[in-house]
Amino acid sequence: MSEHINRMDSMFQRVQSCQERALVTFLSAGDPTPAATLPLLIALAEGGADLIELGVPFSDPVADGPVIQRASQRALAAGATLGTTLEAVRAFRAAGFETPLILFGYLNPFLAYGVERLVDDAAAAGVDGFLVVDLPLEEGASWRAAASARGLHTILLVSPTTSAERAAEIGAAASGFLYYVALKGVTGSQVADFDTVGQAASAVRAASKAPVCVGFGVRTPADARALARYVEGVVVGSALVEAVEAEGEGATETVRRVVSGLKEALRDV
Amino acid sequence: MSGAQQAASWPDAAGRYGEFGGRYVAETLMAPLLELERGFASAMADPAFMEEVRRYLREHVGRPTTLTVAENLTRHLGGATIVLKREDLCHTGAHKINNTLGQCLLARRMGKRRIIAETGAGQHGVATATAAALLGFPCRVFMGRLDCERQAINVLRMKVLGAEVVPVDSGSRTLKDAINEAMRTWAAEVDDTFYCFGSAAGPHPYPWIVRTFQSVIGEEARAQCLERFGRLPEQVVACVGGGSNAIGLFHAFVPDAGVGLVGVEAGGHGIASLQHAATISAGSVGVLHGSRSYVLQDAWGQIQEAHSISAGLDYPGVGPEHAWLASTGRASYVSVDDEEALEAFHLVARTEGILTALETAHAFAHAIRLAPTLPKEALVLVGSSGRGDKDLNTIAARMEREA
Chain H
10 MSEHINRMDS
20 MFQRVQSCQE
30 RALVTFLSAG
40 DPTPAATLPL
50 LIALAEGGAD
60 LIELGVPFSD
70 PVADGPVIQR
80 ASQRALAAGA
90 TLGTTLEAVR
100 AFRAAGFETP
110 LILFGYLNPF
120 LAYGVERLVD
130 DAAAAGVDGF
140 LVVDLPLEEG
150 ASWRAAASAR
160 GLHTILLVSP
170 TTSAERAAEI
180 GAAASGFLYY
190 VALKGVTGSQ
200 VADFDTVGQA
210 ASAVRAASKA
220 PVCVGFGVRT
230 PADARALARY
240 VEGVVVGSAL
250 VEAVEAEGEG
260 ATETVRRVVS
270 GLKEALRDV
Chain F
19 MSGAQQAASW
29 PDAAGRYGEF
39 GGRYVAETLM
49 APLLELERGF
59 ASAMADPAFM
69 EEVRRYLREH
79 VGRPTTLTVA
89 ENLTRHLGGA
99 TIVLKREDLC
109 HTGAHKINNT
119 LGQCLLARRM
129 GKRRIIAETG
139 AGQHGVATAT
149 AAALLGFPCR
159 VFMGRLDCER
169 QAINVLRMKV
179 LGAEVVPVDS
189 GSRTLKDAIN
199 EAMRTWAAEV
209 DDTFYCFGSA
219 AGPHPYPWIV
229 RTFQSVIGEE
239 ARAQCLERFG
249 RLPEQVVACV
259 GGGSNAIGLF
269 HAFVPDAGVG
279 LVGVEAGGHG
289 IASLQHAATI
299 SAGSVGVLHG
309 SRSYVLQDAW
319 GQIQEAHSIS
329 AGLDYPGVGP
339 EHAWLASTGR
349 ASYVSVDDEE
359 ALEAFHLVAR
369 TEGILTALET
379 AHAFAHAIRL
389 APTLPKEALV
399 LVGSSGRGDK
409 DLNTIAARME
419 REA
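Chains as they are written, first to last, in the numbering used here: chain H, 10 to 278; chain F, 19 to 421.
Any given hint could turn out to be false.
One side of the interface only, derived from the structure: several residues of chain F facing chain H at Cβ under 8 Å [stated by the list, open to error]:
| no. | residue |
| --- | --- |
| 1 | G36 |
| 2 | G40 |
| 3 | K177 |
| 4 | G180 |
| 5 | V183 |
| 6 | N198 |
| 7 | G308 |
| 8 | L397 |
Everything labelled a hint here was simulated from the structure, so no lab data went into it.
Quick reminder that beta carbons are idealized off the backbone N, C-alpha and C, glycines included.
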C-alpha cells in the first residue's frame, strides 16, 4: 500500500466526525456525450456529493435496470470508452476538485485495457478505487492486490441473498466501503421498506471493517434520511441518470439541485 | 494425472477449465449459483435421480437416438465413411431437450416453483417450454425482439406449450440480451425461480450441468460406433455456437487420444467481413455472461454482435470448456461461412433425405471438406444436432432471391 492517503478514507472520517452521512452519487461516463461528463462531475461535487461513482459504459450491463442500461447505450453510441472516462477524471482533478471518485463498471472493458495498465493510469488520473460489478470475492484476489498496490480501493458488495457467513468473509476483505445492495434485482428497482433494509445493512455493518453504504432503489431525500441512521452512507444513481436522460447536457443545474437536496437530508443525523 | 484424466475431471472446485470458466457475476447471483451447485452435486450423487433422468430421456425424448451411416453422402464424396449421431430425431427436433429435461427435473428436486430461460432461435425455449409443461412448471422465456420476429413459429410453439414469451428490447435485441434479461429477472426472483440455461456457457456451474446432461450424446455414439464398427471414429465433428451439442458429443471421446475432435463455428459472411460468430477462431479472451472464455469484442472490451445465417450459432461467446479444449490443442476449431453451410444443407437433403438444421449444416460442411481427404476405412462421426424445418423460411427467402 502506498503512503498516499486515499481521498475516500479522509472523506468518511470527516463526515463521521460531524454527524453526517456520506452521499454517494452515480452517473454514467459519456452520457449523453463524453464532453458532458466533466460539467456533470462538477455539478455533483458542487451539489455536495461526498463520493462519486463514475459508471464505465458496457455493452452488456447485466446488473443494471433500464435507466442505467439506456445511459450506457447513449454513452457508447456517442463514442465513450474507458479512455474518455479516465480523461474526464483527469480534467475533473485538474479543475481542482478533490471529491473522492471510483470507477464503477463491468470486468471485460477493464480486462481489455489491462489490469496493471488500468491501476497505473487510474491512480495517475486521480481515481480512488473501483467497483467491479461482476467480480465477486472469489474471483477478485489478484485484482484487489493490483489496486491496493497503487493505494486504490476495490469496493465489495453484499446483497440480500448473501448468507451471514459469506457477508462476514466479504466484510473482512472490505476496502474503502462496503456496498450493501438494498434489493434483489437490478439498479433502479423499487424498495418496499427502508427500515427493513437499514436493519439488514446494520447487521452487515457489524461484520465489516469498512464503512457501509446502501444503494439500489434510493431515490429521494426521504429515502436517504430513512436509511441514514443505519449506515455510513447512501448511494443514489438511477434518479440522477434520469435527470441526464431528460435534460441531456443541460442537466447540470438539476443534478446540482437534486444532489444538494439529498445531501441536506444526510446532515445532522 | 494424464491430460485425458484431467479433462474428464474438469471443472475444478472454482468452476474452471484450465484458465477458463469461473463465476463472474454480481453478488446477488452468487447465492443462487452456490445453491444450484450444491443441488446439482447432490442430484448427481443420487442414483434414483439419474435413473429418473434416463427414464424421461427414454420415454419422452426417444433415446437412445440412432446412429446412421450416411451411405449416399459417403459415396458422393468418395472418401471416409460419414456416420451421423441423430439428435435431430429427439422429441422437439434437437439435442436441447436432453438438457432442459435434466434441468427441470433438477428444479423439481430443489423445490423450485417456476422456470425461466433465454432463447435465441427459439429451440432452447421450445425445449424448456416442453419440459416445463411435462413437469407442471409455469415457464417464462426471454427472447430478443429481433429473434421473436425472425422465429415467429417457435414463439407460437412456446405459447401453445403454455410458456410466456417475453420479448427483450435492450441492447442488440438478440440472444445475448435475452441472457442479460433472464439473469436480471433471476436476480430479482431467486427464491423460487430456476434459471434453465441452454448452452454450455455462462457462470459455473452451468457449463458443467449442461455438459453433464448433454454428454449422453457422446456416450451413446461411442458405444454405437464400437458396436457397429468395432472401433472408434477418426474424427468427430460438431457445430459450435455456445457449444452444448458439441461438448455433449465430444466429452466421452476426450480421453481417446486417437480421436480427432473438430468444432465448427459460424463464419457468417466470412471472418474478414467481421460479420461472423467464429468466437474461438477469430475472437479473444474475455469475460461475458459470467464466464472467462473467448468472446467477440472490440479494442475497448465492448461485446460485438455476432452474425450467422443460423440463429442458433449467432452468439458472441463460447463455453469455457471449448476454450480450454482449443487452448490445449485437444480439439480444433474451424469455421464455415453462410454459403458453404447452405450448400451442405442442400446436399444432405438430396443425398440423405435429411432436412438438417442450418446450425448442423455447418458441421456437415466441414465433414464434406474432410471426408475426401481421408481413406475409405476412416470414420467421420457428425453430430446431427437438429432438424431444419424451422429454417425453411430462411431457405425459401434464399431460393427466391437466387431464382
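*So which of the earlier hints does this model not fit?*
1, 3, 4, 5 and 8
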